[in-house]
Amino acid sequence: MKEKDVMVSIICLTYNHERYIRNALDGFVMQITNFKYEIIIHDDASTDNTASIIREYEKKYPDLIHAIYQTENQYSKGVSVENIAFNRARGKYIAYCEGDDFWIDAYKLQKQFDFMETHQEYSLCVHAAYRVSSDGEKLNDYQLRPNSGNKDYTVEEIIKGGGGIFATCSYFSRAIYDKNIPDFYYNAPVGDYPFEIYMALKGKVYYMDEFMSSYRVNAVGSWSERVYSDINKRIEHFMKIADMLDQINVYTSYKYNDAICWRKKCDRFYNIFLLKNDLKELKKDEYKEFYSEISLRKKFVIHIAFYFPGLFKILKKTKQCLLKRDSDDR
Numbered sequence: 010m011k012e013k014d015v016m017v018s019i020i021c022l023t024y025n026h027e028r029y030i031r032n033a034l035d036g037f038v039m040q041i042t043n044f045k046y047e048i049i050i051h052d053d054a055s056t057d058n059t060a061s062i063i064r065e066y067e068k069k070y071p072d073l074i075h076a077i078y079q080t081e082n083q084y085s086k087g088v089s090v091e092n093i094a095f096n097r098a099r100g101k102y103i104a105y106c107e108g109d110d111f112w113i114d115a116y117k118l119q120k121q122f123d124f125m126e127t128h129q130e131y132s133l134c135v136h137a138a139y140r141v142s143s144d145g146e147k148l149n150d151y152q153l154r155p156n157s158g159n160k161d162y163t164v165e166e167i168i169k170g171g172g173g174i175f176a177t178c179s180y181f182s183r184a185i186y187d188k189n190i191p192d193f194y195y196n197a198p199v200g201d202y203p204f205e206i207y208m209a210l211k212g213k214v215y216y217m218d219e220f221m222s223s224y225r226v227n228a229v230g231s232w233s234e235r236v237y238s239d240i241n242k243r244i245e246h247f248m249k250i251a252d253m254l255d256q257i258n259v260y261t262s263y264k265y266n267d268a269i270c271w272r273k274k275c276d277r278f279y280n281i282f283l284l285k286n287d288l289k290e291l292k293k294d295e296y297k298e299f300y301s302e303i304s305l306r307k308k309f310v311i312h313i314a315f316y317f318p319g320l321f322k323i324l325k326k327t328k329q330c331l332l333k334r335d336s337d338d339r
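Quick note: the sequence shown, position 170, residue 179 per this note's numbering, numbers continuous.
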């Protein structure tokens, strides 16, 4: 495979994903395209059998899979593992999929590639995704389908979305932008939200209303499992997001200040709920407009938590995504 022939680089980051990595790799190698692509997979010193499984596939597909095996965990050292993987990429476009997610459409890459090739004004193409349990069971009530139909998304919509609109395993972007991402991206506690915003600032964002991947919810070893299972870590996460949004405000010369203020107020709203479970404070004038805009379902959840905390704990255990900030609040 010649370097100039690689049109798409698949970036896959993995850590302790032995239960899931075969699904991800199978989704990569099954792609049917009229162009050449490569798979850059970064294993961050997994302590399970993830690396062994990757080596198995690498041996079977030596011209397709290019693995990076760390002997020491880089994430814990504050090293950007995304940068490590991206620096190995040779494609004109980058497709993303973490090791616990997977693709379900053999023509996913071809569809997104064809769109981006014929629409030069777009920087990012995304699509619908099923949300599945750690065992791969579809959670039909919580699909990542932000719109019923194809749609262009604005910077304001993406900022207000809080990083929860699109599945990261649906990302298909132009590689040129990734190499010039500003500091607010690297200072952020997550990669998906600032990345979506940056891509929207550099070009149009197109949503394909097709289910072509599955996003695993609360997978064992996932970042979301570690953060969202600890309220203090979750609140700290919101605070770091607020700081990132302030940096974006400066970067954009306050062009999107209204959307940023709305998003920060939304996160403060959830912080009050998580910290105090204080319904009266949530209804104060500062949050009155936001409270009136959220869905009836979410209001129901808040009232259950306030008046029936025991029942709320049971519901949380049976519905993993009960407090997920979903698209019906936007």
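No lab work stands behind these hints: they were computed from the structure. Just so we're clear, the structure is a prediction, and the values are computed from it rather than from any experiment. We put the beta carbon where it would ideally sit given N, CA and C, even for glycine. Heads up, a few of these hints could be off.
Below, a list of computed lysine-lysine pairs in the BS3-like style, where the Cα atoms sit at most 25 Å apart [to be verified]:
1) Lys101 with Lys86
2) Lys297 with Lys307
3) Lys242 with Lys264
4) Lys264 with Lys213
5) Lys69 with Lys45
6) Lys242 with Lys160
7) Lys169 with Lys308
8) Lys308 with Lys274
Pairwise CB distance ranges, derived in the manner of DEER restraints [said to hold, decoys possible]:
9) Tyr316 with Arg277: 18 to 26 Å
10) Asp123 with Asn156: 17 to 25 Å
11) Glu130 with Arg306: 33 to 41 Å
12) His312 with Lys45: 20 to 28 Å
13) Tyr316 with Lys45: 57 to 65 Å
14) Lys147 with Lys69: 24 to 32 Å
15) Ile93 with Lys45: 36 to 44 Å
16) Ser304 with Lys69: 15 to 23 Å
17) Asn92 with Glu130: 38 to 46 Å
Here's how the hints hold up against the structure:
1. Lys101 with Lys86: Cα-Cα ~30 Å, so violated.
2. Lys297 with Lys307: Roughly 15 Å separates the two Cα atoms, so the pair holds.
3. Lys242 with Lys264: Between lysine 242 and lysine 264 the Cα gap is close to 30 Å, so the pair fails against 25 Å, i.e. violated.
4. Lys264 with Lys213: Distance ~17 Å between lysine 264 and lysine 213 Cα, so the pair holds.
5. Lys69 with Lys45: holds (17 Å)
6. Lys242 with Lys160: Violated. Lysine 242 to lysine 160 sits at ~34 Å, over the 25 Å cutoff.
7. Lys169 with Lys308: holds (19 Å)
8. Lys308 with Lys274: The given pair, whose Cα atoms are some 16 Å apart, holds under the 25 Å limit.
9. Tyr316 with Arg277: 18 to 26 Å: holds (22 Å)
10. Asp123 with Asn156: 17 to 25 Å: Holds: the Cβ-Cβ distance is about 20 Å, inside 17 to 25 Å.
11. Glu130 with Arg306: 33 to 41 Å: Given a distance of about 36 Å, which is inside 33 to 41 Å, the answer is holds.
12. His312 with Lys45: 20 to 28 Å: violated (55 Å)
13. Tyr316 with Lys45: 57 to 65 Å: Since tyrosine 316 and lysine 45 have Cβ atoms about 59 Å apart, the given range 57 to 65 Å holds.
14. Lys147 with Lys69: 24 to 32 Å: holds (29 Å)
15. Ile93 with Lys45: 36 to 44 Å: For lysine 45 against isoleucine 93, whose Cβ atoms are near 22 Å apart, the range 36 to 44 Å is violated.
16. Ser304 with Lys69: 15 to 23 Å: violated (47 Å)
17. Asn92 with Glu130: 38 to 46 Å: violated (27 Å)
Hints 1, 3, 6, 12, 15, 16, 17, counting from the list given before, are not met by this structure.
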